[in-house]
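Enquirer: Dock chain B against the given chain A, drawing on the hints supplied.
Chains as they are written, first to last, in the working numbering: chain A, 1 to 250; chain B, 1 to 116.
Chain A stretches covered by chain B per the calculated footprint, using a threshold of three residues with CB under 8 Å from any CB of chain B:
id, stretch
1, 186 to 194
2, 217 to 228
In silico BS3-like links for lysine-lysine, alpha-carbon gap of 27 Å or less:
id, chain 1, residue 1, chain 2, residue 2
3, A, K40, A, K67
4, A, K223, A, K135
5, A, K211, A, K67
6, B, K81, A, K161
7, A, K212, A, K135
8, A, K112, A, K135
9, A, K223, A, K112
10, B, K81, A, K67
11, A, K75, A, K212
12, B, K81, A, K221
13, B, K81, A, K223
14, A, K161, A, K223
What the hints contain is simulated information worked out from the structure, not anything from laboratory work.
Every residue gets a Cβ at the ideal spot worked out from N, C-alpha and C, and that includes glycine.
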Amino acid sequence: MKFSIYRYNPDVDKKPYMQDYDIALEDSDQMLLDALVRIKQVDDTLSLRKSCREGVCGSDSMNINGKNGLACITKLADLEQPIVLRPMPGLPVIRDLVVDMTQFFDHYNSVKPYLENNDPLPETERLQSPEDRAKLDGLYECILCGACTTSCPSFWWNPDKFVGPAGLMQAYRFIADSRDQAEEERLENLEDPYRLYRCHNIMNCVDVCPKKLNPNAAIAKIKDLKIERAKENKEAKSKTGKKIFGIKVL
Amino acid sequence: MLIELLTDRYPGMRQWLTQRLSAVAMAIYTLVLVLLVAIQQPANYAEWHAFFSPWWWRLATLLFWICLTMHAWLGVRDVLKDYVFNVVVRSYMQLLVELALIVDLIWMVTILIKMN
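Next comes chain A alone, as it looks inside the complex (with noise of 0.2 Å):
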């Protein structure tokens, strides 16, 4: 089978460059983390991330024939030869197919992604309904791999500014979380120009996740509880109004 795999060693080589491959496999290689595998059996120098081998770690993502994707869950079958591996896009390259995912985790950190809730602790778990657990489905199977964020034109363009579609996920995630009490800071912490209103609902993320999730809902469900709470900001002080020398007013 064969491979063209981006190469770049920095401490040797002056810039990357793509290096063919020409791979035996066997029958029991489905996937392409086992092709890579077998790839490194030859040539040992070749550098990727991986560990669970089955889509739940997000390790061995990478650009595959141009789309990012799990190594790990992309059958061999699927893909056009050559096949074309590159690092995952608009993020620094370590050496060959790992990238340094600092400033994704940067993003992913800068929206607090843990629960925020000053009741004293109970003492048993705190308990949902099944409905509002629920609300979770959809956002808490993310695995943080960076496929969708490295896939957004926003990022490329913003990497320190704009959270990206992983971030902006995880950030919905706790504002969703009924156990979570720090909605109104979680949505102020999104207001500027960048960090969620990038997002120009491309789609990018929701093609490429290879969880299947939709990153595309979760930030439009923000910018949705934005508006729907400045409305009931507005309407709680209607109802109070204001007070001059004792006279309610509008």
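Expert: Chain B only, in chain A's frame:
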């Protein structure tokens, strides 16, 4: 409610909402325009002139053009910010777009006023 979202307090929301609201307004205008043209079928200059003459339609056209100006400005500004990295070049390009849009708007206003 919407007015509050268009203030400095919501810088991101303001831009996003302005583009969406102007898009909705333009879509409504376009729909009405197509319908009216289909019904009245103006065929020559005089009929087109008469078509755009009513004050309410000229007002709607003016509002449409204001929406178009805002929508185009926000959109082009985003594109320039994303793709033109040299600040001096970008500033000149932004200025050029601003001038073109303002001249265009003034031109439209004069046409609409002159129709009297």
